[in-house]
Amino acid sequence: MSAILEITGLRKSYADGFEALKGVDLEIRKGEIVALLGPNGAGKTTLISTVCGITTATSGDVKVGGHCTLRDYRAARSMIGLVPQEINLEPFEKVINTVRFSRGLFGKPRNDGAIERILRQLSLWDKRNNQIRALSGGMKRRVLIAKALSHEPQLLFLDEPTAGVDVELRKDMWEIVEGLKAAGVTIVLTTHYIEEAEAIADRVGVIARGEMLLIEDKGALMARMGQKQLDVQLSAPLETVPEALAGYDLVLGSDGHTLTYSYDTRAERTGITKLLQDVSRAGLVLRDVVTRQSSLEDIFVDLVHRDEEEETP
Amino acid sequence: MNLLAIRAIFLFEMSRFFRTLAQSLISPVLSTSLYFVVFGAAIGSRIQEVEGVSYGAFIVPGLIMLSVITQAISNASFGIYFPKFIGTVYELLSAPVSFLEIVAGYVGAAAAKALIIGVIILTTSFFFVDVQIAHPLAMLVFLVLTCVSFALLGFIIGIWAGSFEQLQLVPLLVVTPLVFLGGAFYSISMLPPVWQTISMFNPVVYLISGFRWAFFETSDVPIGISLFAIAGFTALCLAAIWWIFRTGWRIRQ
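For the protein sequence lines, the chains are A and B, in the order given. Numbering-wise, the numbering used here puts 67 at position 67 of the first sequence, and it's gapless, one number per residue. So the mapping is simple: the numbering used here equals the position in the second sequence, first residue as 1, plus 1000.
Chain A extracted, bound-state conformation (with noise of 0.2 Å):
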């Protein structure tokens, strides 16, 4: 699949001196949804700024389409949709009014039709004649979207699209996310929320303190750093592991009740077995036995954590 944004090289400083973005290396694929995983203050909103014109680079190279965001502006900008994430709009205004003045910002030409199916989409054909300020905010959140739909673009930039939004708008959110990929929108969603990448991304990316930390597949990454975890509950306390379990690295539990064994998930032998019979000859005996997979939670998590560790020595 061909690449519908390059970044290479971006960095963004103020004109405090604090830097941004230190060097944002990325690559979205026409057609994907990817999400940018990252704390509070790690850039994920500096860095959709930057590509869609919002605020300038210091330095490095961005290309929508192919399309130079600086020197193409007009071709760059056209295949860009934004929904940022502060509810910004013209609260007097009419929902019909402020899409349609969306669309013609974007130099298409008026298209009742286009918007009306927009508004049908995310549910406001409804509400299309009422003043924004008399909206929900959930329902102002869809008008920021079906604006940033209204030009038709081929990238959409979705900058923390739930935030502060209850479970059930979540979840319909998620639902007009899969409607926009299957309608062929490359999706790039931001969130802090990692339950939301695992759901609907195809790839994900971590950011902190303004570097890409890691850009992967969902499933791959989760393969890859998913390892799972084998509790086994005894009935009694033991103070030490025994002999005839040293070759499992387990650990035991503060309270002398639990081993922790950990296996790879795609391993053809996982152990589990051998393991549950040595247990048994050794005289142990079992209350329970329970098995926990690491999240996509636990690696950004350890991601993070790591790379604070790594620029506080």
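Careful: at least some of the hints might be erroneous.
To be verified - Not everything, but these chain B residues come out facing chain A in the computed CB check (under 10 Å):
#1 1015
#2 1093
#3 1193
#4 1248
Stated by the list, open to error - With a Cα cut of at most 25 Å, we get these calculated DSS-like pairs of lysine-lysine:
#5 1084/B with 140/A
#6 108/A with 1084/B
#7 63/A with 108/A
#8 1084/B with 94/A
What the hints assert, rightly or not - Far from chain B, some chain A residues (derived; all Cβ distances over 12 Å):
#9 166
#10 178
#11 220
#12 248
#13 272
Hints in this document: simulated from the structure, not taken from any laboratory. Note that this is a predicted model, so its numbers are computed, not measured. All residues carry an ideal CB built from backbone N, CA and C; glycine is no exception.
Model the placement of chain B on the given structure of chain A, informed by the hints.
Same frame as chain A, now just chain B:
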């Protein structure tokens, strides 16, 4: 050229004008009518003719200029300040539009609103005094140029302003005194010589003088100099706006 974007901005701005019709139209017309009643009919009848024109008619061009300048500035400054204030400016900055197109849309709309108000005040004045327009075309050229140039100034103020107070500051502290002292209600020749010289540094003098010439063929400064002054002022504003967009001053980080 993204003409559709200019059109979108223009129509969006005009829709605000029509949405707040009472505020944007009725109040300037009402306040100007009051000027006519007070200065034209009540006091004006006791004032002798100025340069062969009755005082009531003499102040018509000045009054129109006063309203048009104030309106052009406030509409344009509010037009660009409001998106900055509520955050919708992100859309302008991320759209495939050049600074010229943004300016054309906002300044065009602000100038159009000011022009509409100017024409309505002129029409209103016919009900109060006997006004003759010697050079209608020149009158229109002056009116349009004034609307455009002060809308440009308003646009700059709107970008500079960091609060609603600052938005009011320049019009209140600079523009209103310049217009009142620019000969809106008197002829510069009525002043003592020292003040006549000082007045020549007031750019509004050239506008009102030229505009009044289009009505009555009397002026404080030659018409050519008036035209040159307003063209220079427009060019200055355009250059400032070009610099603002090139450097991203106060709008792009």
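Numbered hints the structure breaks, given as an ascending list
3
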